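Trainee: Chain by chain, the residues:
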Amino acid sequence: MTQDLFEHRADIWRGGNTPPTVRDGIPTGFDVLDRLFPGGGWPRGALTEILTEEGTSALQLLMPALAQLSHSHKRWITWVAPPHIPYAPALANGGIDLSKILLIHPRRNTDLLWALEQALRSGTCSVVLAWLAGGNDKILRRLQLAAETGRTAGLLFCPPRNVEQHSTAALRVQVDPSPDGLTVDIIKRRGGWPAGPVHFSGASLHAARPH
Amino acid sequence: MPRDRIESAQPLAYTAPNYATKATPAADLCARTDPSPTLWLAIYFSDLPLAVFTRKPTRIEPDQPCAVCQEDGTNALIVCSNAAALRHNIVPGISLRAAHSLTTSLQLFYRNAVAEHAALERLAVWAGRYTSKVVVTETQTLLLEIGGSLRLFHGVDSLLKSIDSELTVLGYKHRRALSITPSSAGLLARTQSGAQVLDAAQLTSAVGAAPIDALNLDKRYTKLLHGIGAHYLRDLLRLPREGLARRTAPHILHTLDQLLGHRPDPQHFYSPPRTYKGQLEFSDPIDNTDRLSPAIQHLIMELTAALRTACSGVDSLTWTLRHYALPDTVMVLPLLAPNRDDRHLQELMQERLERLILPAPVDAIALTTGLFQPLPGNAMDAFADIALQEYTRQTALLERLQTRLDSSSVTGMRLHDEHRPEKAWQYCTPGGTGPTLQYDARPLWLLSSARPLSTRDGQPYLHGRLTLSTECERIETGWWDRNRIGRDYFSAITVNGVRLWIYRELKPPRRWFLHGYF
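Heads up: the protein sequence lines correspond to chains A and B, in order.
Note that the working numbering numbers the first sequence so that position 94 is 847, with each residue one more than the last.
Note that the working numbering numbers the second sequence so that position 269 is 339, with each residue one more than the last.
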């Protein structure tokens, strides 16, 4: 009975280091993250908060997943308010089909949140990446609902100072640069304790390829 | 005039007399299979002359007496009046002078035959959802041949119910009658609302009960017939045919025969236009965009009904808001793909409306479209349908975004064959493709303009000393236009471990720039 529940519900807290067994996440392309993340990857139909400083190569962690999604799905890979130009030659080198990319540059913050919610809710985006200066709990809850409705993975990049804020996101990770690569701290994951840090060298980031 | 229209018009009325020998209860009609019996539904729009001026959603107070008048020789006669006017005894047929003597608050309109015909044609388009055989008549009436549509709409009763409720939404008062010949259906709709004549025996008695005045004969003949004591059609039917023809005109016999189905009565079916043009006038100018919504909803409903009839979509909508003293406000709403989803179109327009500032009150709103377009996708294929739905939802998202954010804020990207890093890519329409190219190691982020770096001891510096890669990539190009560049690109790591893409100019003063983040 309990086993049954565990197998079919990802949102039951079970303590320890056992990740939930419902594997509906988007494979990250990194075995160590797939083991630690709820659902075995970037959560689908939910929000993930990535707390990171500008310039940190947190996007590298997403490249294998984005490359895979761009070929396996007809849906958009949507970027809302990226801080710089997502550089097409590097994305193409990383194996992403550029024709799936949708860039949205709203001019005002209200438009940003509106566009983000529309993209998450529409069910036509496999993943939505968004850069938020700050978001309160109410906004996140609304976005979480939109992501559930559209079965879309919402990846929100926020500044590290947001770490103190309460968040409804299914997964919160902090990504920091390290002398030869990145460290990833799992601050919150649905159904488990915080975990990490996990270290990635520059070489391992580039070696990762979609499954 | 297209030939097929005439040909298809022929056989209907010929079949009526054959059918007239059988008694078929209404409930059985939908159960019958091939061939579908001919059955005519006439819808008479009794207040059409008035409705073209006062139809919802313009606002006329319900207790404001309104009437339409028409020139008739030397004096003007009232042809249509609303309930409030009827309470003042202003009934159709009385003179304008008499009407003014009954109330001083009468709001009067002069009959607009052109607008009435246009309204009737729009209704014919709407009726196209029930049958492809619709006739627009000169007597404020639409004739619909619904014999072939009964099974689709689950029988007469549910079809009539649906028609009634939609006409209420559209804001028209109507009377209707069913009959086995087209002209008798029209006559009965005007005289015995709700009549359902399903066989020849019923037909004679039902037509007989109609007053002669309802035939709209020449006044001379009406007077003559009244003079010999014939007030109803049954009186007319009892008269000897030769005598009647000699005293009046042979065409009266002709009309009677067609009413009863003894003579063919070919009809000219309405064929809908391939564009849409609709306009609503406001008797009270509107100064608030919220109050425009019902009118917009209304026009979009008419448009999508027309599109369904034509099995097509439109790829742009042009809205014109007319002001009294200022030039019109024109809004063009482009769509990415031909569409006919009324909810989607309304949402798009709502987005626009929310940000619209009206320069002046609006007197009228008009909607026009270009030629109707075929809808994307092949609707014959059951599996393609799923792909089409996905496609439709994707374009729906884009349209919603582009309507609110403007189209330059919603883009795709593609590669561009060019060595200058800042030109090696381009924005494009979402979903667009470019060349396939391979590059050396490139950063994931490019700064929109390179940021100068400070130097210490000749070395670039950012939050501390930078560790530079040993190899560099020289990019020297663009001599053919004014943006010639010569740069040595390095990858660099800050003391915090952030990886940068930086370059040094080849020309003196050989400055350093930050150009991207890996």
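Please keep in mind that the hints were generated in silico from the structure rather than gathered at the bench.
All figures in this text were calculated on a predicted structure; none of them were measured in a lab.
Glycine is no exception: its CB is placed at the ideal position from the N, C-alpha and C atoms.
Hints may contain errors.
Looking from chain A toward chain B, a few residues come up when the C-beta cut is under 10 Å (computed) [unchecked claim]:
#1 Thr831
#2 Ala845
#3 Cys878
#4 Asp929
#5 Pro930
#6 Gly934
Covered stretches of chain B, going by a simulated chain A footprint (3 or more residues, C-beta under 8 Å) [unchecked claim]:
#7 170-177
#8 270-279
#9 475-482
#10 565-579
Trainee: Holds or violated: the region 270-279 of chain B covered by chain A, criterion of 3 or more residues with Cβ-Cβ distance under 8 Å?
Mentor: violated (count 0)
Trainee: Answer holds if the nearest beta-carbon of chain B is closer than 10 Å to that of Cys878 of chain A; otherwise answer violated.
Mentor: holds, 8 Å
Trainee: How about the region 475-482 of chain B: do at least three of its residues have a C-beta closer than 8 Å to a C-beta of chain A?
Mentor: Coverage by chain A holds for the region 475-482 of chain B (5 residues, Cβ < 8 Å).
Trainee: Any CB of chain B closer than 10 Å to the CB of Pro930 of chain A?
Mentor: Result: holds, 4 Å to nearest chain B Cβ.
Trainee: Thr831 of chain A was flagged as interface toward chain B. Is the shortest Cβ-Cβ separation under 10 Å?
Mentor: holds, 9 Å
Trainee: So, as I understand it, the hint says Gly934 of chain A touches chain B; can you test that by seeing if any CB pair is closer than 10 Å?
Mentor: holds, 7 Å
Trainee: Would you check whether Ala845 of chain A satisfies its interface hint, that is, whether its CB is within less than 10 Å of any CB in chain B?
Mentor: This hint holds: Ala845 of chain A lies near chain B, its Cβ roughly 6 Å from the closest one there, short of 10 Å.
Trainee: Between the region 565-579 of chain B and chain A, are there enough contacts, at least three residues with CB-CB distance under 8 Å, for the coverage claim to hold?
Mentor: Holds: 5 residues of the region 565-579 of chain B have a Cβ under 8 Å from chain A.
Trainee: Does Asp929 of chain A pass the interface check with chain B, least Cβ-Cβ distance below 10 Å?
Mentor: At 8 Å from the nearest chain B Cβ, Asp929 of chain A passes the 10 Å test, so the hint holds.
Trainee: Under a C-beta cut-off of less than 8 Å, do 3 or more residues of the region 170-177 of chain B approach chain A closely enough to confirm the stated coverage?
Mentor: Since three or more residues must qualify, the claim that chain A covers the region 170-177 of chain B is violated, with 0 doing so at under 8 Å.
In the structure shown, a violation is registered for the earlier hints numbered 7, 8, in ascending order.
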